[in-house]
Structure formats: structure tokens, C-alpha cells
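**Q** Sequence order for the protein chains is A and B. Our numbering puts the first residue of the first sequence at 43, with every later residue one more than the last. Our numbering puts the first residue of the second sequence at 43, with every later residue one more than the last.
One thing to keep in mind: the hints can contain errors.
Given that identical chains are not distinguished, each listed pair holds provided it fits within a single copy or across any two copies.
[Unchecked claim] Listed next, the in silico DSSO-like pairs over lysine-lysine satisfying Cα-Cα at most 30 Å (straight line):
| # | residue 1 | residue 2 |
| --- | --- | --- |
| 1 | Lys402 | Lys367 |
| 2 | Lys367 | Lys309 |
| 3 | Lys129 | Lys376 |
| 4 | Lys412 | Lys376 |
Worth flagging that the hints you see were computed from the coordinates, not collected in a lab.
Protein chains: 2
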Amino acid sequence: MMSKNLDFQFAAGRCGLKKTKKPDLAVIYSSLPCTYAGVFTTNQVHAACVDENKTLLKRRKKIRAIIINSGNANACTGKKGIQAVKKTQQIAAKLLKIKPHEVLIASTGVIGIYLDMEKMKNGLENSILKLSSKNLKSAARAILTTDRFEKIAVKKTKDFKLTGFTKGAGMIHPGMATMLCFLMTDLKIPQSLLQAALRSAVNDTFNTISVDADMSTNDMVILLSNNRSKKEITNSKDPLYSYFQSALREVCCRLAKEIVIDGEGAKKLINVQVSGAKTSEDAKEIARSIASSNLFKCAVFGGDPNWGRAAARIGCTGVKVDQSKLDIYLNNTKVFSDGNPAVFSKAKLNKQIKKSKEVKVIVNLKLGKKSGTAFGCDLSYEYVKFNSAYFT
Amino acid sequence: MMSKNLDFQFAAGRCGLKKTKKPDLAVIYSSLPCTYAGVFTTNQVHAACVDENKTLLKRRKKIRAIIINSGNANACTGKKGIQAVKKTQQIAAKLLKIKPHEVLIASTGVIGIYLDMEKMKNGLENSILKLSSKNLKSAARAILTTDRFEKIAVKKTKDFKLTGFTKGAGMIHPGMATMLCFLMTDLKIPQSLLQAALRSAVNDTFNTISVDADMSTNDMVILLSNNRSKKEITNSKDPLYSYFQSALREVCCRLAKEIVIDGEGAKKLINVQVSGAKTSEDAKEIARSIASSNLFKCAVFGGDPNWGRAAARIGCTGVKVDQSKLDIYLNNTKVFSDGNPAVFSKAKLNKQIKKSKEVKVIVNLKLGKKSGTAFGCDLSYEYVKFNSAYFT
Chain A
43 MMSKNLDFQF AAGRCGLKKT KKPDLAVIYS SLPCTYAGVF TTNQVHAACV DENKTLLKRR
103 KKIRAIIINS GNANACTGKK GIQAVKKTQQ IAAKLLKIKP HEVLIASTGV IGIYLDMEKM
163 KNGLENSILK LSSKNLKSAA RAILTTDRFE KIAVKKTKDF KLTGFTKGAG MIHPGMATML
223 CFLMTDLKIP QSLLQAALRS AVNDTFNTIS VDADMSTNDM VILLSNNRSK KEITNSKDPL
283 YSYFQSALRE VCCRLAKEIV IDGEGAKKLI NVQVSGAKTS EDAKEIARSI ASSNLFKCAV
343 FGGDPNWGRA AARIGCTGVK VDQSKLDIYL NNTKVFSDGN PAVFSKAKLN KQIKKSKEVK
403 VIVNLKLGKK SGTAFGCDLS YEYVKFNSAY FT
Chain B
43 MMSKNLDFQF AAGRCGLKKT KKPDLAVIYS SLPCTYAGVF TTNQVHAACV DENKTLLKRR
103 KKIRAIIINS GNANACTGKK GIQAVKKTQQ IAAKLLKIKP HEVLIASTGV IGIYLDMEKM
163 KNGLENSILK LSSKNLKSAA RAILTTDRFE KIAVKKTKDF KLTGFTKGAG MIHPGMATML
223 CFLMTDLKIP QSLLQAALRS AVNDTFNTIS VDADMSTNDM VILLSNNRSK KEITNSKDPL
283 YSYFQSALRE VCCRLAKEIV IDGEGAKKLI NVQVSGAKTS EDAKEIARSI ASSNLFKCAV
343 FGGDPNWGRA AARIGCTGVK VDQSKLDIYL NNTKVFSDGN PAVFSKAKLN KQIKKSKEVK
403 VIVNLKLGKK SGTAFGCDLS YEYVKFNSAY FT
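Bound-form chain A, shown alone (with noise of 0.2 Å):
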């Protein structure tokens, strides 16, 4: 079906997952048989859906489908979550006229109800009649839980298109992948090359964020390309692919940092960059450990300029530093200067902050020559009453 467009091909539906009348069913179809690049929770308590897509990277199977359920994780939930898995391959398989190894699976929402399969069935029968290029959007949104709005990135060059959506909110501290991220390029490009970039741009981009440190069951960014441009990148030398990587780079981050403002109850973006690391890995590390702090956060979310709680953060990763050369900045005024509290009005940068939609937080170590950035929101009431009340 639907073989004529050649394209990614879109739908969103509704199950009945949610208790709201949202919709919590996304599909990505391509009639063309697309290369596989994936990055996934590095939980051990994770979804069954995880293990499958994983095992379908190692075979470096050719994928056709991606089913994205919300309102259920379908993680916690053993041998039936497992099925559960392999039952809607089955069914999305058969609806699209594709073997159940060409679809891939990934789920969001509460952790340990079993997933009803017959709402399931049922809202996929009929998403996949609205499959069209052009329902992005919605499937952007049918995948979304506490999130407030859609997250879509879009870049295209002369030489290929790249295009993805995101969604994240709570439980977001991603170790070596993030939170569901589907991106879609029609480069023509070896698979060892699609992977390689992706790692790179999740490790630059997802792995530097933090709305609350936990970290999900579910995660998982998959990269598919249809290989249908014009250039082929056949090996690493090839300055396309430098530019891809950068492109793929640049869309991630757009996509990592949407995720971080629609942090739930986030009212405020932080923005920590750290330099003067002995290593880039260093300095992301110390970036994050502030990001995540959430005393830190608090202050922020009162405008408080109260960087010592900044400062303290610096000094418990296992990263080597010199408290005595340290500089921090906040929002541009210099607060701690070599180690010695600098003169500055608090009054002032209380105000400032308190206006500010984005907190920059400047940190020279002053050990090194490499920096590192990582994303943080401020921690308010409402994250508290979010969280207080999901699964019952």
C-alpha cells in the first residue's frame, strides 16, 4: 500500500491508552526499504520493545515501519511485554504488507500495566489508512505524554534531507541515548556510517541534558535513511559526510534542547558550558553534574543568583579540579573569580535572572584547553505536582 510516494510516509491515531482523548499512536512507513541506525537506554530495567529494535540493529535488518505507542511503557511488564512486542510487529506487518522484522517498536508512558492489544489493534488499523507525507506533525504529537508541545527539526541541503521529531518532559537523564527520537534522511549512506553518526550526535546532544536525572526504560533515538539521494557517502573521508554529521549534529541539538524547555514544570532553560577541561568528556561531565543539581535548580527557578550551589556540583564529579582557579559566570556577570567571591550585585542579577528565559551558567577550570556544554531546566512546583500523581 501507499507504494507510489516514495517518501517517509506519516500517521497518527488513537488507541485509548490515555485516559484524556489525546491521541498516543504515531507510524513512520517508508515503501522503501530504509538503513538502520539506533541509540538506546543504557537502563538494565528496560522495555521489551529495546531489546527487540536492538536486536534487529545487531542483524542489520532493513526496516519499513516504526509503531510508537504513548500512555503505556510497556517496560516492567515480563514475558507479556515481550508478546506484546511481537504481537504488534505482527499486526503492523500484516497491515502494511511488510514481514514483522522490517517494523520496529518503541513505547512511552507508565511503567508496569500490561498493553492492551486490542485497543492497540484497533488504533492501528486505522492510523495506517491515514499514512501521507504530510502528517508529520500529528505524529509528532501522538507521540507525546506530559510534553506541551510538538518537537520537530527539519534541514534540508542540496544533497540530502533530514528530518526529526523528539518527545521527552520527565524521566529524562539519558545515558548514551535519550528519550523517543525518530529521525528520517533520504542520504544514501552504509549503515557502519549511519551509526557511527548517530553516536556522536547523541552522545554531543541527548547525553547532555537533564530535566531530573532519572533515567528512562524506554529511551531510544533511531536514525532511519531511505537511501534515496542522488550522492552516495561511501566512506568516512568524504567531506559529505563530515557535513552530514554536522547537519544530523545540529538537528539533535535543536531536538535536545525543545526537550529540556518542555521540561516538565520547566520554566527556565540552564545553559552550562564548562572550558578549560583537561578533556571534552571532563568538561561535559562537570557541565552536567551543575544542570542536574536540584538545589541549583531551585535557585533558578526563583532567580536566586546563588552559584555556590553551582560551584559545590563542580567539585563531586570524579573529575579532577582545582577549586582555586576556578571562575564561574552566571548569565554574563563574573561571580566566583579564581576561587575568591567577586564583587557584583546581587540585587542586579536577581532581577536579571528572574526575566531571563535562559540561564547561562560560564565555568573556566582552567586545566585544559577542551569545553563541553549541558542542558538543565529549573526545577518548580509544578515538576512536584506532575510527579506526584501519574499512575494513580
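Go by the hints and put chain B onto chain A.
**A** Same frame as chain A, but now just chain B:
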């Protein structure tokens, strides 16, 4: 002065370091030189007093006084911070007619503000006049910051007496040490055994608690012995040493639990017990991962039996687990059984958790015979409120 009284003596006073009229200075004094053991924060960004106390410990100095101020952490204050510690030792030594190297210093409060030495001096002069064996409670009160109540534990045996007091509330996620805690005993014991007993007790108690996963710059646990007991411990094989160790663990455990109960904005204690681990370190690490999850803490605050959030935290530490073997109980109700959701009444458990002052999480990994415990507290609106305006 006060030389006739051979017991530990205490005093409280006011320097004016806090904005409120509450006391902010405590003094512990012993006319007998004390054997001294200490465990300190592992945060590389830490207060000058931490370095000074560590130096005195390394030099095996006998101690006669501890000066503790609240309202100002004297951390991230550079060379001036170091001078403030030295100056405080000198002032106290002069007033107490002892040597500066017989004085330990501890501070808690806001980071990055210089200590007002004029205020410290006045406070010390007034406080030291009030030294008495009866002032334990007022000293325990003077070291509090956002704590709601003082935390004291005393244990008397026929052979020795052990007294301790502590403070906590926020920035509580100790790494090899915890917030300020002062322990006093009369047990005659070599320094090496005193230190070993303290290190072990801290690992099993203070290092298992978390309020907000933020590690302080000023954490320390100090144990002094004036060696007045008739019985003497000379080696680690002495049965009295085991008895002292268990008494010390008991006193530290009581104080650690009080810190969590008094966590900023906390309404409920979270008690996590992990069994079936290969090592007790593994068990403790997983217990602490659950006890410090923002998402799970919010669920407990709302009485939401959202056990999936606890399950997710089991998988994201460095400890290898098998999700298909996991059992989880919430307040004695089995919610996860051999990796499958258990059947239980959510409404009933929701009601029961709402009523509980202490929420118990029991996890069985079924991989070994070791177990471990961690304590945390729920995450409430009040935590956010407390911490959104502390500095300004």
C-alpha cells in the same frame, strides 16, 4: 577555665550571621585533651575548615574544642576563607586558654560569602562564658540552618557513654561523610581504632541517606574521646570494641534518620531495603539510587504507588541486575514479582501510602545473599520553595 569539670561542655551563642535572631554559634569544649577521629566530604570544592581539620587529623593532634557556626559555610571564599579559619582558632584558643591546633572548626550555611570576623569574635566571647555540661541541647540547636528540630542521640552503657548531635535538612547526599555531626565519648581507645570505627559507622549510616542528591562542601563527622572510661580498648579483637562499634553505628543511624525526616520540605521518610545482592555495596548503591530519585520522591509525596519509577532506578546504577528476577514491595504489598507486575489494589495502596509517615520499599535482586539499606525523603512543594530563595 572550667578546668574542674572533666565532662564535655557545650555553649551556644549568637554572632549575627543569620538574618533571623536565632543562635548561630556552638562551642564544644573538653578540659581533657581528646583523641580525635573524623570523616569529611569528598567534594573537591570544599570549605577551608575541612582542610584544616583534615590536617589536624593527619598530625594526630589532641583536640580540646570545636567551634561551629551556622548561617555561613565559609566555602568558596579563597585565601580569606583560610585566614578566617586560622583567626577563629586563635580567638577561641585565647579565650579557652588552649592552643590553636587544639581547636576544630565547622561551618554551615550559604556558600561564597566572606565570614564576618568581627561578628565571630563577639559571638565567641559571649558564648564561651556559657560553657556547661548541661548545654548540649542549645548547642545542637545553634548549628541548625533550615532544620526544623535539633537532632541528638545519647547512649550510656556500663563501660562508656556516647553522645552525638547533628544537622542536616538540605544539600544532603554525603559521599564518605555527611553534614555536620559531632560525637563525644569517654571510651579509652587508640586513635586508629576510633577512626576505623567512625569510618565504618559513617559508611553504614550517613552515607546511605539522601535528601536531594546534592553533596555539601562542608560535610564532616567528628568523634572525640576524652579517654575517661575505666575500661580501656587496646586492640580490635577486644569484645568491648565490637560493642562500641555497634553502639556508634546505632547512634549514627538514629542521627542519620533524623536528618532525612527533617529533610527540607519532607513529609515522609523513604526506607529502601535491598536484599539478594552479590555484595552489600551493590545493595546499598541500588537502595540509594531509589531513595534519591526525584520522580519516585514526588510519587511518595502524592501517595502514588508508582513502583515503576523505583524499578527504573534499579537498572541505572553500575550494578549488574536481571530484571526478570526482580521483586518489589511497597509498604509490604508486592507490586513487582519475578519481573512481572503483581496484582494489587492501587486505590488501597494509594490510601495507605498517603497515611504513612514512613514508606518502605523492599527489593529482592535474587543474585546473592547480601543486603543494604538507604534512607530518603519525599520531594514536596516546600523543598522547591525553601531553595528558590536562600541566597538573596
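**Q** Take the hints in turn and mark each one as holding or not.
**A** Now for the hints, and whether the structure bears them out:
| no. | hint | verdict |
| --- | --- | --- |
| 1 | Lys402 to Lys367 | within (20 Å within a copy, 44 Å between copies) |
| 2 | Lys367 to Lys309 | neither (32 Å within a copy, 40 Å between copies) |
| 3 | Lys129 to Lys376 | between (58 Å within a copy, 28 Å between copies) |
| 4 | Lys412 to Lys376 | within (20 Å within a copy, 49 Å between copies) |
In this structure, only the earlier hint numbered 2 is contradicted, and the remaining ones agree with it.
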